[in-house]
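Chains as they are written, first to last, in this note's numbering: chain A, 1 to 201; chain B, 202 to 440.
Because the hints were derived from the structure by calculation, they are not lab data.
No experiment lies behind these values; they were computed from the predicted model shown.
Hints are not guaranteed to be accurate.
Listing some non-contacts, in silico: residues in chain A with all C-beta distances to chain B over 10 Å [said to hold, decoys possible]:
1) S23
2) L33
3) L90
4) S144
5) K164
6) V183
7) M196
8) Q199
Here are the computed distance ranges between Cβ atoms for each label pair [said to hold, decoys possible]:
9) B:V437 / A:G195: 40 to 48 Å
10) A:Q39 / B:K242: 49 to 57 Å
11) B:S419 / A:E115: 48 to 56 Å
12) B:S419 / A:R35: 53 to 61 Å
13) A:R110 / B:E237: 41 to 49 Å
14) A:G114 / B:D379: 20 to 28 Å
15) A:G114 / B:I378: 23 to 31 Å
16) A:R110 / B:R347: 45 to 53 Å
17) A:V55 / B:F388: 54 to 62 Å
18) B:D384 / A:V55: 23 to 31 Å
19) B:E281 / A:G163: 20 to 28 Å
20) B:G330 / A:P61: 32 to 40 Å
21) B:D384 / A:Q39: 46 to 54 Å
22) B:D379 / A:A111: 26 to 34 Å
We put the CB at the ideal spot given by N, CA and C, even for glycine.
Spelled out from the first residue to the last, the chains are:
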Amino acid sequence: KTPQTKMEYGNKGKELLIDLKSSEFLSAYNEDLVRATVQECNQHFDEINKMTKAVPADAIPMDCAPFLKLHEAALMRNKRCLLAYHSYRLDKLREMRSETANAVLTPDIRATFGEAELDFYSEYDRLVSNYGAQYGVNLTADLSPPDAEEHYVQVRVVQEGLGKIVTESGNSLVLELGSTHFVRRADVEHLVVQGMLEQLD
Amino acid sequence: MADFDNLLKGFETNKISNETSSNAGDNFDDQAEDAEYEQLKRWWTQELASPELMPYDEECIDMHLDLLQGQEDIIDRLMEGERGAASHSITALEVSVYRMEIDRLRFLLADLARCRLAKIEKYALHIRGTPDQLDRLSDKEIDYLREYGKLVQRHFERTVLSHLPKAFRAIDTAEMIDSPDLDEYVFCRILETVEIETDDRSDDDEYEGVGVHKSGSSLIVRYRTVKDLIEEGKVVLMY
Numbered sequence: 001k002t003p004q005t006k007m008e009y010g011n012k013g014k015e016l017l018i019d020l021k022s023s024e025f026l027s028a029y030n031e032d033l034v035r036a037t038v039q040e041c042n043q044h045f046d047e048i049n050k051m052t053k054a055v056p057a058d059a060i061p062m063d064c065a066p067f068l069k070l071h072e073a074a075l076m077r078n079k080r081c082l083l084a085y086h087s088y089r090l091d092k093l094r095e096m097r098s099e100t101a102n103a104v105l106t107p108d109i110r111a112t113f114g115e116a117e118l119d120f121y122s123e124y125d126r127l128v129s130n131y132g133a134q135y136g137v138n139l140t141a142d143l144s145p146p147d148a149e150e151h152y153v154q155v156r157v158v159q160e161g162l163g164k165i166v167t168e169s170g171n172s173l174v175l176e177l178g179s180t181h182f183v184r185r186a187d188v189e190h191l192v193v194q195g196m197l198e199q200l201d
Numbered sequence: 202m203a204d205f206d207n208l209l210k211g212f213e214t215n216k217i218s219n220e221t222s223s224n225a226g227d228n229f230d231d232q233a234e235d236a237e238y239e240q241l242k243r244w245w246t247q248e249l250a251s252p253e254l255m256p257y258d259e260e261c262i263d264m265h266l267d268l269l270q271g272q273e274d275i276i277d278r279l280m281e282g283e284r285g286a287a288s289h290s291i292t293a294l295e296v297s298v299y300r301m302e303i304d305r306l307r308f309l310l311a312d313l314a315r316c317r318l319a320k321i322e323k324y325a326l327h328i329r330g331t332p333d334q335l336d337r338l339s340d341k342e343i344d345y346l347r348e349y350g351k352l353v354q355r356h357f358e359r360t361v362l363s364h365l366p367k368a369f370r371a372i373d374t375a376e377m378i379d380s381p382d383l384d385e386y387v388f389c390r391i392l393e394t395v396e397i398e399t400d401d402r403s404d405d406d407e408y409e410g411v412g413v414h415k416s417g418s419s420l421i422v423r424y425r426t427v428k429d430l431i432e433e434g435k436v437v438l439m440y
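Make a model of the complete structure from these sequences and hints.
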C-alpha cells in the first residue's frame with residue numbers, strides 16, 4: 001500500500017520566511033499564507049492518522065516508519081516556520097515600542113500588522129507602562145544619555161493649535177505655528193518626539 | 202574667589218537640610234554618594250555587556266530612587282524660595298546642577314531597566330525554567346516575566362497553536378527555548394590577579410591551558426570562561 005505522497009513538504013513554511021525578507025521593514029501580515037501553512041500541517045497530520053489507523057496501535061510495520069517520520073518532520077518544520085514568522089514580527093513590534101517615545105503607531109504601520117498583533121502591541125504597551133510606573137522611572141523617556149551641551153535646544157513649532165504650555169521648569173511658552181523657542185531640552189523632549197516641535201541644530 | 206566659596210557653602214547647607222527632611226535616612230557624605238553612583242554605573246555597564254542577566258541589587262535601586270525623589274524635592278524648594286531671593290543666579294545654578302544630576306540618574310535607571318527587560322523578554326522561557334536565573338530577578342521583574350509570558354503565549358495560541366493538532370501545541374520543548382550565548386566573546390578588565398583556564402583549542406598552541414592575568418590588564422575571552430570571576434567581582438566587563 002503506497003501512501004499518497006505530497007510534494008509540498010515544508011514549502012509553505014519556507015514561503016512564510018521568504019515573506020519576511022521581502023520588504024525592508026516588514027510586509028503586511030500574510031493571513032492567507034499563514035492559513036495555508038497551518039492547513040499543510042493539518043494535512044500531514046491527517047496522513048499520519050490515516051496510516052496509524054490502518055494498522056493496530058502496537059504493531060506499526062517498519063516500512064511505515066519513514067513515512068510517519070517524514071510527515072512529522074514536515075509538520076514540525078512548518079510549525080517552526082510559523083512560530084518564527086510570528087516571533088520575528090513580535091520582535092519588530094517590541095522594537096518600535098522601545099524606540100519611539102509615544103506608543104501610538106502611525107496608520108501605515110498599523111496596516112502592516114494583523115489584528116492579533118495590534119492587540120499584542122496594546123497589551124504590551126500597557127505591560128511596560130505599568131512596570132515603569134511601579135518602578136518609578138518612565139521607561140520611554142531618557143532614551144539617550146544626557147549631554148550637557150544639549151541641555152538647551154532651539155525648537156520651532158511645526159504643528160498648529162498647540163496654544164500655550166507651562167513647562168516643568170515653570171516657564172510658559174506660546175506655541176504659535178512657526179515660532180522658535182530656546183528652551184530646556186527636557187521640557188520639550190516629548191513634544192519633539194511626537195513631531196509637534198522640530199529641533200533646530 | 203569669595204563668590205564661589207559662598208556658592209559651595211550654599212550646596213553644603215542644602216545637603217545638610219535635606220538630610221533632616223528626606224526619609225531616606227542615608228548618609229549624604231559626598232564620598233559615599235559617589236561610591237554608590239559608581240556602583241550603579243558599573244552595574245549598568247555590566248548589564249549592557251553581559252549576555253545574561255546580572256543579579257538584582259535591590260538596595261542600590263531603592264537607594265537611588267529615593268535619591269531621585271529627594272533631589273526633585275530640593276529643586277522644588279529651591280524654585281519656591283527663588284521668588285524675591287537676592288541670590289537668584291546662584292539658585293539657578295544650583296538648580297541646574299541638581300537637574301543635571303537628576304537627568305543622569307534617571308537615564309541610568311531607565312536604561313538599566315530597559316536592558317534587563319529586553320533580556321527577560323528574549324530569554325523568557327529559559328529564565329522561567331532555570332532557578333538560578335529566576336533568582337536574579339526582582340519581584341516586579343518576576344511579575345513582568347509572568348505577564349509577558351502569558352501575553353506571548355496567548356498570541357501564539359491565537360495565531361498558530363490553536364489551529365494545529367493537539368499533539369503539536371507545545372512551545373517549550375528543549376530545542377525551542379532560546380538561552381543566552383555564554384560562549385560569546387567579551388572584553389574584560391582584570392581587577393585582581395587571577396588564573397584563567399581556557400580550553401580554546403582553536404587558539405594558537407602557545408596559549409593553552411592556564412594563564413595568569415595580572416590585575417589591571419585587559420582580555421578578550423569567552424564569557425563562559427570568566428563568568429564565575431565576574432560574579433566574584435574579580436573581573437569586570439567592558440562595554
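Status of the hints after comparison with the structure:
1. Interface exclusion of A:S23 from chain B stands, the closest Cβ pair being 19 Å apart, more than 10 Å.
2. With a minimum CB-CB distance of about 12 Å to chain B, A:L33 clears the 10 Å threshold, and the non-interface call stands.
3. The non-interface label for A:L90 is inconsistent with chain B: the shortest C-beta to C-beta separation is roughly 7 Å, within 10 Å.
4. Separation of A:S144 from chain B is inadequate, the least Cβ-Cβ distance of about 8 Å not exceeding the 10 Å criterion.
5. Once the 10 Å rule is applied to beta carbons, A:K164 is consistent with being away from chain B; the minimum gap is 20 Å.
6. A cut-off of 10 Å between C-beta atoms confirms that A:V183 is not in contact with chain B; the least separation is 13 Å.
7. No beta-carbon of chain B comes within 10 Å of the beta-carbon of A:M196; the shortest separation is about 22 Å.
8. For A:Q199, the requirement that its beta carbon stay farther than 10 Å from each beta carbon of chain B is met, with the minimum near 17 Å.
9. A C-beta distance of roughly 41 Å is found between B:V437 and A:G195, which places it inside the suggested range of 40 to 48 Å.
10. Checked against the hint of 49 to 57 Å, the pair A:Q39 and B:K242 passes, with Cβ atoms roughly 54 Å apart.
11. One distance hint, 48 to 56 Å for the beta-carbon pair B:S419 and A:E115, holds here, with the actual separation near 51 Å.
12. The given range of 53 to 61 Å is respected by B:S419 and A:R35, whose C-beta atoms sit roughly 54 Å from each other.
13. Remark: the range hint 41 to 49 Å for A:R110 to B:E237 is upheld by a beta-carbon distance near 44 Å.
14. For the hinted restraint 20 to 28 Å between A:G114 and B:D379, the CB-CB distance of approximately 23 Å keeps it satisfied.
15. Distance hint for A:G114 and B:I378: a CB-CB separation of about 25 Å, consistent with the stated range 23 to 31 Å.
16. Between A:R110 and B:R347 the Cβ separation comes to about 28 Å, which falls outside the hinted range of 45 to 53 Å.
17. Take A:V55 and B:F388: their Cβ atoms lie about 60 Å apart, and the range 54 to 62 Å holds.
18. Look at B:D384 against A:V55: about 46 Å separates their beta carbons, and that is not inside 23 to 31 Å.
19. About 26 Å separates the C-beta atoms of B:E281 and A:G163, a value consistent with the hinted range of 20 to 28 Å.
20. A C-beta distance of roughly 38 Å is found between B:G330 and A:P61, which places it inside the suggested range of 32 to 40 Å.
21. For the pair B:D384 and A:Q39, the supplied restraint of 46 to 54 Å is violated, since their beta-carbon distance comes to about 40 Å.
22. B:D379 and A:A111 have their C-beta atoms about 30 Å apart, which keeps the hinted 26 to 34 Å range intact.
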